[in-house]
Amino acid sequence: MKQLLFTGLMALMIFGCKEKAKESNEEMNADTMAETQMEANDQDEWMVLFDGTSFEGWHGYLKEDMPQEWKLEEGAMVFYPPKDRAKGASYNLVTDKEFTDFVLSVDWKISEGGNSGIFWGVKEDPSLPEAYQSGPEIQVLDNERHPDAKAGTTHQAGALYDMVAPNHEMAKPAGEWNTCVLTVNHKTNEGSVELNGMTIVTFPVNDPEWSAMVAKSKFADWEHFGKYKTGKIGLQDHGDMVSYKNIKIKQL
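Mapped onto the working numbering, the consecutive letters of the sequence shown carry residue numbers 74 to 325.
Check each hint, because a few of them may be wrong.
Here are the simulated DSS-like pairs of lysine-lysine, each with C-alpha atoms no more than 30 Å apart in a straight line [claimed, not checked]:
1. K289 with K245
2. K260 with K170
3. K300 with K318
4. K160 with K144
5. K245 with K144
6. K144 with K289
7. K300 with K321
8. K323 with K302
9. K223 with K291
10. K260 with K144
11. K260 with K302
12. K170 with K291
13. K302 with K291
14. K144 with K321
15. K170 with K318
16. K170 with K223
17. K300 with K289
18. K321 with K302
19. K223 with K289
20. K223 with K136
21. K136 with K321
22. K182 with K323
Calculated directly from the structure, the hints in this document are not laboratory data.
Take the sequences, apply the hints, and build the full model.
In structure tokens form, the structure reads like this:
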């Protein structure tokens, strides 16, 4: 009789252990599936703005098509400044779509002595011949050679141009790729620039703080500058060769 009881207890213990192991495995599988789904959802949130194979989704500012000065090379869009530029001609690019709250990731490479920029909040309007008349700019620059770098830290690579200087020097030398991540969130009144893995600039994006910051800059008397919460992303023709790739955006 004792032997039978012992055998029964052992069987119950073994069965219980198997059930617990099964439940544990099921929980682990559920957790793994949840994590995988979250990662997939995170990837799905990114919208590719430039995949390296076409200019789809972009056009020349105040133009219907792409300026021929921009070329596709090795997965990047590359600007070659014209040798004989017509007076008043510019070849800035803007997205077809407009954005309000977002995280924008862009890889950029500047030529030696080069200057360019990344705009947001661009209002494409015939009364505004340049994208920078409405869109604030994140500076793209060869800090070592371009004279703008000597005009103050708010003009150096990664700066919110003429308003907020980088708190660290993170730009790589001319000819090397940099990764810039720009965040603009009006819901939380937060803007930031991350360059090569470090957050180097933070700034408010709503009034009254935004307007107070603009009032201390060269843009103080510009009627349309920084006025549009919703606008286009732009890439600047500043007369120098520059390359961009891996451009994607996540709307917040």
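How the hints compare with the structure:
1. K289 with K245: Given pair K289, K245 holds - Cα atoms ~29 Å apart, limit 30 Å.
2. K260 with K170: holds, 20 Å
3. K300 with K318: holds, 28 Å
4. K160 with K144: Given pair K160, K144 holds - Cα atoms ~22 Å apart, limit 30 Å.
5. K245 with K144: holds, 23 Å
6. K144 with K289: violated, 37 Å
7. K300 with K321: holds, 24 Å
8. K323 with K302: Cα-Cα ~16 Å, so holds.
9. K223 with K291: Given pair K223, K291 holds - Cα atoms ~16 Å apart, limit 30 Å.
10. K260 with K144: Roughly 37 Å between the alpha carbons, so the hint for K260 and K144 is violated.
11. K260 with K302: The given pair, whose Cα atoms are some 11 Å apart, holds under the 30 Å limit.
12. K170 with K291: OK: K170 and K291 at ~28 Å, within 30 Å.
13. K302 with K291: Holds, at roughly 20 Å.
14. K144 with K321: With a Cα-Cα distance of about 19 Å, the restraint between K144 and K321 holds, given a limit of 30 Å.
15. K170 with K318: holds, 18 Å
16. K170 with K223: Outside the cut-off at roughly 35 Å; violated.
17. K300 with K289: holds, 16 Å
18. K321 with K302: Given pair K321, K302 holds - Cα atoms ~19 Å apart, limit 30 Å.
19. K223 with K289: Cα-Cα ~19 Å, so holds.
20. K223 with K136: violated, 34 Å
21. K136 with K321: The given pair, whose Cα atoms are some 22 Å apart, holds under the 30 Å limit.
22. K182 with K323: holds, 22 Å
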